[in-house]
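Top line first, the protein sequences correspond to chains W and U.
FYI, in this note's numbering the residues of the first sequence are 3 to 53.
FYI, in this note's numbering the residues of the second sequence are 1223 to 1729.
A few of these clues could be false.
Said to hold, decoys possible - Covered, in the sense of this in silico footprint (three residues per stretch, anywhere, with C-beta under 8 angstroms from a C-beta of chain U), are these stretches of chain W:
no.	stretch
1	20-28
2	41-50
Said to hold, decoys possible - Not the full set, but computed from the structure, chain U residues with beta-carbon under 7 angstroms of chain W:
no.	residue
3	1690
4	1693
5	1698
Hints in this document: simulated from the structure, not taken from any laboratory.
For glycine and all other residues, C-beta sits at the position ideal for the given N, C-alpha and C.
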Amino acid sequence: VNEPEQQLEGGGSEKGLPSLWLVLAMPVSLAVTALALMLGLLVAIGLDEGS
Amino acid sequence: MTFDGREIARKLTLWYLVASTAILAASGLLGWVIRMSQADVARLGDNTWYALMTAHGLGAFVGWAAFAVMGFSWWVLASLGFELRPFGAAMARLTFWLMVTGVAGVVVTTVFLGFAGSWVFLYPLPFYSAGQWGDVTTALFSFSVLLAGLAIVTWCVGILHTVVGPALHAVSRNPVNRFFTSIGFGYLWPKRFATNPTPVPYPLIPLGVIGIDMIIATLPLAGLLVFMIVQSFVDVSVDPLLAKNILWWFGHPVVYLLLFPAVAIYYLLIPQYAKRPLVAGNVIALAWVIAVIANVLVWAHHVYLDFPEGSVQSAVNVAMQPMTFALTIPSALSLYSLGFTIYRSEFHWNAASTALFLGLVSWLLAGLSGVVNATIAFDAVVHNSLWIVGHFHHMALLNIGLVIFGATYHFLPELTGRPLWSEAAARWHVWLTFFGATFMSALWIWQGLEGAPRRFSRLPDAYDDLAVAAVPVVIVLALGQLLYFANVFMTLRGPRPEARTTAEATA
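Looking at chain W on its own, in the form it has when it is part of the complex (with noise of 0.2 angstroms):
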């Protein structure tokens, strides 16, 4: 019963060398994240100087 079953077609399951939108979610979506972060850093700096 507790044996792992195989069957995880469900969650996608490509075959050979992931396409070039795959490798990037992960490096791409830290990057922008990352961005958005020092952007809104930069604006709050901003503000609060010229307050």
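Guided by the hints, dock chain U onto chain W, whose structure is given.
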């Protein structure tokens, strides 16, 4: 006509998934609006802000997260061979309609009637509205929450009915013995809670535990809500400290209503992706024995502050510290077991398994900002600050939320008979959610450490800067969720595999 429990579970899980996803869209939008208001992008009136916060909190926590994992539980059980029987199916259907009606009532009473007593509606605040809403609105709000609470109870009854069903290979026919067998006692006392021929599947254990605990936790709150409805029309009142304890008697275990079905999903799917059984699975049975008792005995760590001096509350609170620390044992053992099931396995990485893995990472990280709150001396500093908001968004959105997203990407093709619309969109969504929500929570935690108060529609000026800094991150996080909605919608409306094959053949 024969009763097909698996087919009914499949359909009901889809209902729950679609409804909870719609509620996520609505409550997420409300969260976006109040966050933008706090950053002064588009300022709301104070009562509107508190009303939307009330709707956002209840909608996202109960209407989305709890409702979604409650739905997946039917499919997890069916996947283990524990199919719905007629009574369980009736409970599952009743749960769905009670929850949908309850959430709709919360939306109406907050967004349209202005109830703004916060999503934990701390008694007697709902009756002190400063003229912003009336007692009848409080009665309608309380009734709506009562319906959602009853949905939890009927779900628990349906779960308990299913876990002790014929698929449980317990030797005993005694229902009490079968229940304790279903929550893993057979791993500890194999003679008394014997199973034959197969032991209890691990994902069953957390579902049985939460099934009994949430009945114990919810019934007193239901009583309080009935009392609040009566108080809306009759001049009566209840001791506020008692009401606060009743609220958190429910309010802490309800976190586990989200977590334990999520753990059941982990126990089911992680071994499949790792292609091996759960490591040290029998040891986690010990953890669940602790959990079933400790879960309902830690409520007062939410009442560490704001109680009358000289009351028994301070002694109760002190007792809650070691009990709360004890709760790290089930979490730590589960994390250890799941982590080492993945470690050095031939793990199959896709959007679903990545979401589950990042959910585990977030469970650990968010747990760290949570367990420190169990110490009264520390909680006294951070309790009414945005630290708490950062902690619970980290836990709910990234630990629970990522399990829901992972389970959706894994189960949706099984449930619909259609392939996932886009694996790539799913991966982008998972990573954008992980980074976006981690940064967003970190900013709240940072603000909390600086002393920024929570439950303030307008933060004091000194804390404005980090609220502004969060805006671009929140935008990225929200855009990421659009990929999820698109994926669910397109998968649901996509052609069935046989239709697609026919279309391709004729093209």
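Here's how the hints hold up against the structure:
1. 20-28: With 5 residues in contact (Cβ-Cβ under 8 angstroms with chain U), the coverage given for the stretch 20-28 of chain W holds.
2. 41-50: Satisfied; 8 residues make the cut.
3. 1690: 4 angstroms, holds
4. 1693: 6 angstroms, holds
5. 1698: 5 angstroms, holds
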